[in-house]
Amino acid sequence: MSLFPSIVSVTLIYSAMAVYAIALVAFTADLAKRAAPLAVVPSASRSTVAVGAAGSSSVDTAVRVQTEVQAHAVHPAGSSRAGRIAVALTALAWLIHLAGVVLRGISAQRVPWANMYEFSITSTLIIVGVFLLMQLRLNIRYLGTFVVGLMLVLLGVGAVGFYVDVIPLPPALQSAWLVIHVLVAMTATALFAVSFAVSALQIAQSRNVGGSRSLGATVRAKFSRLLKTVPDAETLDAMAYRIIIVGFILWTFTLMAGAIWANRAWGRYWGWDVKEVWTFIVWVIYAAYIHAKATRGWNGTRAAWLAIVGFGAVMFNFGVVNIFFKGLHSYSGL
Amino acid sequence: MPNSESPATAARSRPEGHIETPEPSTEQVTMPRLGPIGWARWGWRQLTSMRTALLLLLLLAVGAIPGSVLPQRTADPNGVIQYFKMNPVTAKVLDGFQAFDVYTSVWFSAIYLLLFVSLIGCVIPRTRHHWNALRQSPPHTPARLSRLPAYETHNVAAGEHASRSTLLAEAERLLRKSGYRVRRYDDPTTSGRSSSVSAEKGYLRETGNLIFHISLIGVLATILIGGSFQYTGQRVIVEGQAFVNTRAAYDSFSPGRLFTDGMLDPYSLTLDKFAVTYSQVGTKSMGMVTDYNATVTTARGSNKTQSTIKVNDPLSVGAETIYLLGNGYAPRITVRNAAGSVVFDDTIPFLPQDMNLTSLGVVKVPDGLPQQVGMIGFFYPTEAKQSNGQLASVHPDLVNPVLSLNVFTGDLGLDTGAPKSVYVLDTAKMTQVAGRGSPEKALRLTPGQTVQLPDGLGSVELANVKRFASFQVTHDPTQTWMFAFALLVLGGLATGLFVPRRRVWVRVTDDADDGWAIEYAGLARGDDPRLQSIVSNIAERHRIASIAATNREPQ
Ligand code: HEM
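From first to last, the protein sequence lines stand for chains A and B.
Heads up: the first sequence at position 324 corresponds to 324 in this note's numbering, and the numbers run straight through without jumps.
Heads up: the second sequence at position 548 corresponds to 548 in this note's numbering, and the numbers run straight through without jumps.
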């Protein structure tokens with residue numbers, strides 16, 4: 001375990017944080033631009049034209065549908081320079097972040113996710129990875145402030161609060177399950193994080209329809225202009241659902257793999273310890289979300305709230321795990 | 001979400017309150033007078049409704065929280081005792097709500113049992129309905145396809161294609177090739193001028209969903225039923241010692257309901273060696289444990305096998321699995337009377353109290369000395385004095401081992417008949433004669449050393465210190481079942497969420513100019529972003545295939 005890559009890794013993580021911070025500023029500038037008054041809204045006319053042109057040709061129809069779907073996202077503010085710069089900077093920061101994580105793994109000579117610090121740097125890497133991957137296919141720049149902001153907080157807390165030097169794996173973690181179970185858990189967490197952003201926006205969007213009274217008139221006007229540049233609540237609802245069902249399957253796997261691992265390491269597959277309880281709670285909340293989506297009177301905003309609560313539970317689990325780990329180690333020595 | 005079936009069928013296939021069932025009419029809300037059977041039926045419908053399932057799921061999540069906040073008797077019995085000491089009143093009240101046994105409590109069980117009753121009540125009719133649906137043909141083509149979420153229409157001039165039946169046959173062939181189940185209908189309403197192909201695919205979605213839910217029942221049933229067949233026991237073994245697999249030999253044992261002593265396979269297990277590896281590198285990591293390795297010999301009759309047990313690597317013996325759960329030190333303590341003859345000689349496992357294995361143990365000498373003697377011992381594998389003057393262990397390996405003994409005389413309380421833990425010394429009827437708070441300092445011993453007991457009672461020797469390992473022996477015949485159900489849960493889930501369920505219709509109508517109007521329409525269960533492009537794609541492929549078919553046909 002050489003010291004050098006580990007120091008470089010820390011430097012890279014902090015550099016990535018700096019670049020993310022600049023990206024966050026650019027994302028915010030992009031949002032500010034969306035909130036500014038607009039003279040024309042070409043996107044609306046564009047989709048109308050496309051719909052009008054949609055005749056009997058199947059190609060036209062396909063175009064029509066796609067245009068409709070993207071009508072909101074292709075708002076000119078959606079491709080503002082600030083927005084493009086923000087995405088580029090995020091991608092750059094992600095590469096630096098990736099290098100930092102890989103070097104941490106190299107210096108530890110194992111997967112870089114065996115303690116809170118490593119879990120923080122790797123899961124935030126996956127969060128941004130998921131965001132960038134989605135950005136390749138859909139224009140979701142409007143989520144950038146939220147996703148990068150959230151991620152920066154998590155990464156900051158992880159890097160400053162949880163930092164530990166590379167230490168050898170305790171016997172309980174020496175298992176192939178560490179690789180698969182934790183990796184899948186982090187990927188699910190990343191998906192839940194992104195869906196959290198989508199659902200929050202969805203709630204804001206559906207509130208906006210009714211008009212929020214708690215805000216001042218100018219703020220409200222800005223907010224509502226901003227929300228006009230992002231997809232409507234229904235589109236966001238569908239997007240959140242699609243992200244969450246993938247996350248849910250991965251979480252189901254995480255729970256099962258955890259049980260199998262617990263059975264190997266501790267001789268029982270389920271013992272209701274704090275971490276198991278909260279993994280279960282998270283699972284049940286997202287199952288409830290999926291049900292809510294199919295229950296009359298519960299889909300839409302209410303379901304979105306469940307997705308928010310679900311992610312709250314994920315974050316709580318993350319925090320409790322930290323405290324719990326200390327407890328376990330000070331008790332038995334194994 | 002659009003309704004893909006007639007309200008009547010949808011109502012049968014989906015639970016009450018499902019988004020695809022018809023809105024309840026106002027008549028239903030103003031309740032008619034119901035007899036007992038009517039009420040029972042109404043109650044059952046409520047219990048098996050989507051809203052109840054959702055509510056119970058949320059209750060389950062909320063109900064699980066207290067068990068993570070409060071110590072639980074099964075996972076952390078000491079925590080519970082501690083809690084009772086700190087907040088006796090609150091603890092009493094909480095205990096009334098079974099807050100220290102949340103996961104076996106009446107109310108928590110009630111939540112999950114209701115949930116599963118609801119689940120069974122919901123799954124049975126759906127399974128029946130799905131079973132029938134699997135053997136039915138795709139439904140009639142709706143009269144107005146243009147109202148469906150994905151729709152397009154093309155006009156074909158006379159002469160461009162051969163005939164309506166060619167067009168339909170091509171549509172049928174194409175859809176079948178894409179995995180749809182297909183049925184042709186003549187539309188009666190158009191007086192023979194139009195016919196259509198109705199196609200459906202993705203029944204697997206519902207199959208997956210049902211398998212998922214049924215397997216959840218399987219998981220719960222395995223837990224509830226399987227518990228009766230399980231047993232598990234813990235036992236501490238000192239290096240060099242052996243244990244014979246009988247119920248009496250366990251330190252603690254929890255049998256399932258159907259356990260009988262005869263189920264234990266009477267092998268013996270000897271702990272030959274317990275090796276601990278410490279990290280030799282790094283400043284922070286120096287001395288951290290990197291490996292525990294128990295070398296054991298199992299013997300059945302004359303048949304002996306040596307194997308190793310590690311933390312993530314249990315040993316299977318017959319139908320049982322042996323896990324390595326903990327470890328610690330066991331000092332060998334010899335007590336002699338004033339005349340020098342041995343009155344006590346035993347190797348006593350001390351319980352580890354922290355990461356550096358500061359360990360706590362109890363020695364009870366009931367006979368052979370003028371008074372009964374009890375000792376509470378602290379063992380420090382690597383002793384160091386801390387800034388506050390207290391002793392502590394600073395490293396888990398035996399670098400500077402020291403045993404410190406507080407000595408009590410009086411009545412050990414062994415004769416009351418009440419079971420006494422070997423790890424607890426009841427000092428109620430005893431006087432402390434050595435250690436903090438008494439005239440003499442605590443006895444301090446290093447391996448090989450002998451010191452005198454106070455008041456000329458005799459002497460104590462620390463002969464040596466051995467390691468012990470604690471093992472758990474478990475018999476769990478449900479593992480295969482659990483694994484199978486878990487796989488089905490996962491597979492069913494993925495299928496139920498990702499396989500799209502779609503209906504597609506192609507209708508060919510004669511137009512006034514001897515040509516045809518061809519309509520393509522699609523409908524999906526749930527949200528399906530690709531529906532329109534799929535319908536368009538089918539239309540395009542159908543056009544090409546029809547032209548090809550026409551060219552093949554003799555003019
Ligand atoms: C043990 C409790 C339950 C859990 C953990 C659970 C979980 C889930 C999950 C994860 C899904 C989506 C997976 C898929 O579609 O394959 C789902 C769907 C569904 N569940 Fe449950 N469920 C439970 C109980 C129930 C009950 C009691 C009912 C009956 C009221 C029910 C009815 C449904 C229905 C109808 C769907 C399909 C929803 C749709 O159309 O999208 N479930 N459930």
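Rather than coming from a laboratory, the hints here were simulated on the basis of the structure.
There's no promise every hint is true.
[Stated by the list, open to error] In silico DSSO-like cross-links for lysine-lysine, where the CA-CA straight-line distance does not exceed 27 angstroms:
1) B:Lys441 <-> B:Lys429
2) A:Lys275 <-> B:Lys310
3) A:Lys275 <-> B:Lys429
4) A:Lys275 <-> A:Lys33
Results for each hint:
A C-alpha spacing of about 21 angstroms is found between Lys441 of chain B and Lys429 of chain B, which places the hinted pair at or below 27 angstroms, so the restraint holds. Restraint check for Lys275 of chain A and Lys310 of chain B: the C-alpha separation of about 23 angstroms stays at or below 27 angstroms, so the hint holds. The suggested pairing of Lys275 of chain A with Lys429 of chain B is violated, with an alpha-carbon distance near 43 angstroms, which exceeds 27 angstroms. Proposed proximity of Lys275 of chain A and Lys33 of chain A is contradicted: the alpha carbons are some 43 angstroms apart, above 27 angstroms.
Violated hints, listed in ascending order, are 3 and 4; each of the other numbered hints is respected by the structure.
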